[in-house]
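There are 2 protein chains.
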Amino acid sequence: MISPIEQRTWLVSESPFNPFKLSHTETIFTVGNGFMGVRGTFEEGYAGDLASTLVHGIFNHAEGDLVPDIVNLPNPLPVHIVVDGEVFHMTAGRVLGYRRTLDLKRAALTREVLWRTTQGVVVKLTFERFASLAAEHLLVQRVRVRALLGSPKVEIRSSIDSAVTNEDVPHLTDIQQRAAEGDLLITARTNQSRYGIAVAAAHSLSTHSAPSTSADQVRYTFDLPQETEVSLTKVSAIYTTRQSKTPDQAAQEAARAALAKGYESLFASHCAAWEQYWHTSDVHIEGDEVAQKAIRFTTYHVLIAAPRHDEHSSIGAKTLSGPGYKGHVFWDTELFMLPMLTLTQPKLARNLLMYRYHNLGGARNKARANGYEGAMFPWESTDTGEETTPQWSHPQPDGTRIRIWTGDTEQHISTDIAYAVLQYWQWTGDDEFFVKHGAEIVLDTAVFWGSRAEYNTEQDRYELKMQIGPDEYHENVDNSAFTNSMVRWHLQQALAVRQWLLAHHAQAAEALLARLGITAERCALWERIAAKMYVPRDPETGVLEQFDGFFNLERLDLTHWQPRVANMDWILGHARAQGVMVIKQADIVMLMALLGEQFGTLEERQANWDFYYPIVDHGSSLSPSTHAWVAARLNLLEDAYKMFIYAANIDLEDLKGNVRDGIHAAASGGVWQALAFGFVGLGLADNGEMQVAPALPPHWQSVTLRVYHRGQLKTIRLTAEG
Amino acid sequence: MISPIEQRTWLVSESPFNPFKLSHTETIFTVGNGFMGVRGTFEEGYAGDLASTLVHGIFNHAEGDLVPDIVNLPNPLPVHIVVDGEVFHMTAGRVLGYRRTLDLKRAALTREVLWRTTQGVVVKLTFERFASLAAEHLLVQRVRVRALLGSPKVEIRSSIDSAVTNEDVPHLTDIQQRAAEGDLLITARTNQSRYGIAVAAAHSLSTHSAPSTSADQVRYTFDLPQETEVSLTKVSAIYTTRQSKTPDQAAQEAARAALAKGYESLFASHCAAWEQYWHTSDVHIEGDEVAQKAIRFTTYHVLIAAPRHDEHSSIGAKTLSGPGYKGHVFWDTELFMLPMLTLTQPKLARNLLMYRYHNLGGARNKARANGYEGAMFPWESTDTGEETTPQWSHPQPDGTRIRIWTGDTEQHISTDIAYAVLQYWQWTGDDEFFVKHGAEIVLDTAVFWGSRAEYNTEQDRYELKMQIGPDEYHENVDNSAFTNSMVRWHLQQALAVRQWLLAHHAQAAEALLARLGITAERCALWERIAAKMYVPRDPETGVLEQFDGFFNLERLDLTHWQPRVANMDWILGHARAQGVMVIKQADIVMLMALLGEQFGTLEERQANWDFYYPIVDHGSSLSPSTHAWVAARLNLLEDAYKMFIYAANIDLEDLKGNVRDGIHAAASGGVWQALAFGFVGLGLADNGEMQVAPALPPHWQSVTLRVYHRGQLKTIRLTAEG
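Protein sequences, first through last, are from chains A and B. The opening residue of the first sequence carries number -10 in the numbering used here; numbering runs sequentially from there. The opening residue of the second sequence carries number -10 in the numbering used here; numbering runs sequentially from there.
What the hints contain is simulated information worked out from the structure, not anything from laboratory work. Take these hints with a grain of salt, some might be off.
[Said to hold, decoys possible] Think about it this way: if two alpha-carbon atoms lie no more than 27 Å apart in a straight line, the pair counts; the simulated DSSO-like pairs of lysine-lysine are:
1. LYS631/A / LYS10/A
2. LYS454/A / LYS94/A
3. LYS94/A / LYS631/B
4. LYS425/B / LYS336/B
5. LYS703/B / LYS94/B
6. LYS142/B / LYS234/B
7. LYS10/B / LYS645/A
8. LYS94/B / LYS631/A
9. LYS10/A / LYS10/B
10. LYS703/B / LYS336/B
11. LYS645/A / LYS631/A
12. LYS454/A / LYS521/A
13. LYS10/B / LYS521/B
14. LYS10/A / LYS645/B
15. LYS94/B / LYS645/B
The task is simple: from the sequences and hints, build the whole structure.
Set out below in structure tokens:
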């Protein structure tokens, strides 16, 4: 007997159908495989749904728009079932029962519906789908129709919907439809970036029935005697010119070849691949079913978004599960999603870091355009590696637009990426990657900071003016304590990296240092900056001042602002929020997370926590998991657990009210991070040895996780008894 | 640090507000205290809501209706809050956050809302309510308004809504409204049964503000500076002529006196009373948060419905939480809710049995009207004790009505009540009750059966024609194996009771036997019937035939009819369902539950399970818990747990789709019963000693429950290790 808890914590279910939550469930029921993400839209379509078929790397600027969108591709899902002339739809006839289940273990979505036609025929319909992890171009569907009462004539109509947009913005042109016996093909081009895309579908029916194929539809018609079942297998393949010069041929061949293998065989390969994923990435928690289920859910969503065979793409802030942030890549990837992958799926982590390496060109362009040296990574990044942050918001209710400054002044991302590179290197020991690629990222971003830091002659210190720290409620501040601290740390690391390279890979080092212009003078500058970087701080308490003047802002007691879903800057208004001491998310607390004990003494860390925890809005989904991590390290287990379970349920329970736009991927990765670095206290000693320092929620009986440390898979199991 | 699991399993929460589930949450968020039940309707009212204020024993026949309704009383909940002229409603302004929580431990409902007016003022509104367990006429509310942003002018309007009906059927007449300074009073009469009812409300505001009282409303107006809070306490009292000759005075005095004590004091007394309830009735399950929460929820709903100080009322099938079954009392009470009360709250159990005792008159009337002797309890019972089952259904879609036969031929209820009396007596050892009241129920219902059984001279056996067993899909069958078996058992019990009475309470026994006409001849008849009662059965397998001819019905494979919410008789149609071998609910399995090992050998019990489990529809919510109980006894732990968790979540998750009509109280009680009698294997040995025979779900680490056995409270704690 499988434990019911083990069963329940692998399944996310909906029953009955809740049209009020359609956009929420569409997002959380996304299937994907690191190449594509397909939202949980129903095969037959509903008013207000948001079908979304996204693949990594296909971006396009709509006409007149300076900001690229990840392109919504033709929707391969549509299947319509007609029973004795009545088209199946959950608003017609009568639904006698409904259950939709995402099986996290097998990464498969199933919907079962008992449906009664107006004439009294009862059928059971089962819709299955998965995005194959074994063959990433494939979306595989099966639709089963069983006659329970009556013996109807059934028609199944399958199509690919090319009338797709990104929330009414069209990106595709040259759309062509072709069809042959049981096969469908749609080809198109993105209208600005000129990517070619192709979606092909091949079909097979479990009973003999010749398909009738029109330009845009494949139809099967058959009699279905009571207590018999017929199933349609539909294999769709997606290719773009990023993978093939002839995506149409590639897609058609892939779909046909896969169809020949049959559904069960395709599903078996898919499950086997997932078994490998879970073998290393699953976290097992005993004594807390809610946490167990949630962390499987969050881990699933990071895994389905991580590119497997593509080092020119990265994971957007909303993964491939929705239109939010237009598919753009932020620091979310490096500081929230990457750690889980670095430790449990290092190959995937490497892909993501290589994306940054390949896009050093864009970062250098940005630095030059802003009058700096080295590599200044864009705040929002897409396929080109250029800065793609919008400069202006959509119009507000009063008609005005708000200037978005993050692309200009939220510059800490260059250090965040360097941090992730170093973390990857330390955990994996992947010197080959580091020498060839990683070091260049760390060093050239250091070059940028060397050119960016401003010397204040009066105070004999280095400063950084006009910054945005993690707390985006306060823009263009001077001397963000987070940024200044991280830049100091970054330059120190860069100096150490240079030494290590020279000591261990002298030839490569010389070439690289020469190419990047890292001279003795530049190193001396870095040393001066690191030594004299200004970090605002109350000398009595040790509390960092988030930026110059922060301590003088208007105070607002947040105690009674619960339960709050809306963000404080929305409530207060963007302008007013600048002057109020309410912060969007972990900022100094984020610094505490990243630097750990290097941040300061236990007393100093506690004092900073006490100051910043009460004034944080968690207006960013990145915030709760970071707080959980730091609270656990301070042994504040009640707060730690509260923040952890909040982060873990953000998407499952739609706690921010905006899951419609896509999964909060940073929160998802952050949950693993809070568990591993917070509760488990996983870390590396100075000598590189792995160590744990557990501070588990007291009601957890055990937690078990696996991590790779320098190529070796290790199992860590902690129990309440110790 | 309180365990998060302990916290979570006492709370049922909703967040965000889900208008799609309004009718579901209204039911599950009902508060009550054994006198009144008040649905979780919002203070400000919403389209489609179903405010319902029910008290035990107040029934009324609407004009022209032969079937009485439990009367929906004036709604004491309404409170409207006006902020700078804008009336608070969750469809107006903007809800920045929302959470509603039923605290099962304290039996209190709280709603917190952050609300922003269109002008940008932000207030926090907190709505609290409880139906006092310490003073059962009182519904206590508190509404707190806090200004978070801005300093608005606030107006609070409180009223009692007398424009109430039972789903558009009016029951009240002579409605009078009176108001004095801060007080409201509504009096009325039920228009047929002439019960007088009164609902009074008294108010106090936490800040100085003289109320302005109109005929139907109390209003307070005040300024609310930012970061301050004002609260209104509203104490409503409900009295009827069942409690007082002058319910208007009683209600007004009770409301005023309670108000003088203040909210905190009233709440403290209420919580103290609940602590006593939970001290004996709480079941603690370690290792299964879902089960733990669900059983607290189901136990809560039985406890809030059980009369504390009234032995002339009983618990309707839907408790006091909704209009379903018009508040009528079925066998659900005796065989599903009573066991939990008999074992954990014997005083409440006694009240419920006394309800049947006081209504023996109605049962005798029914027997006489049908040409029988003794006491024949009504299938549906209300305040009069007369049969109140409707004879015809509401019109079906095709305009026809279906004849409802249960009031005529579902006669096993007389034995079910006797079973509950004997169970109460055996567990409590309450001889005083038994001699004075209980024995009369057992014996006079036996008199009925003696007159009801039909002798078949050809076969030399006794039979019962025209019965409905628990499986109501098959009506007016001959020789229901359940009914015939239970009648045989009943007559044997009656004979034993007679012996015991004569041996231990000779004088009382003589008088009772004489009064009931229980002569030596009648006893001889009972013996003959018990010896020769026919129970259809396959002699080879030992499988009981549910009734004559059942084995010949059309078979229908239910395997693929999942997930199913609609009932099979609705799907098949009432007439066709009669001929199909699909049963509504546990029938033979119910018999196995009640008789335990007396039913037959282990092989026979297993054979009966194997036959009946696959064909049961669970069209009645009574079914899953009974299956859980029996499966546990057969050590079929996977099925047992599946059925148990289904029963436990029927209302929390609205698994039958009809929670709008009220709580499935039998399922609620059945959950406790399945746990205690099924998994724990609680029982009484022949010598009256309590015994356990655990068969726990393997993933449960422990289960702890308390039961009274012959006046002694015993704690049973079982662990997985044994």
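Hint numbers not upheld by this structure, sorted from lowest to highest
2, 6 and 13
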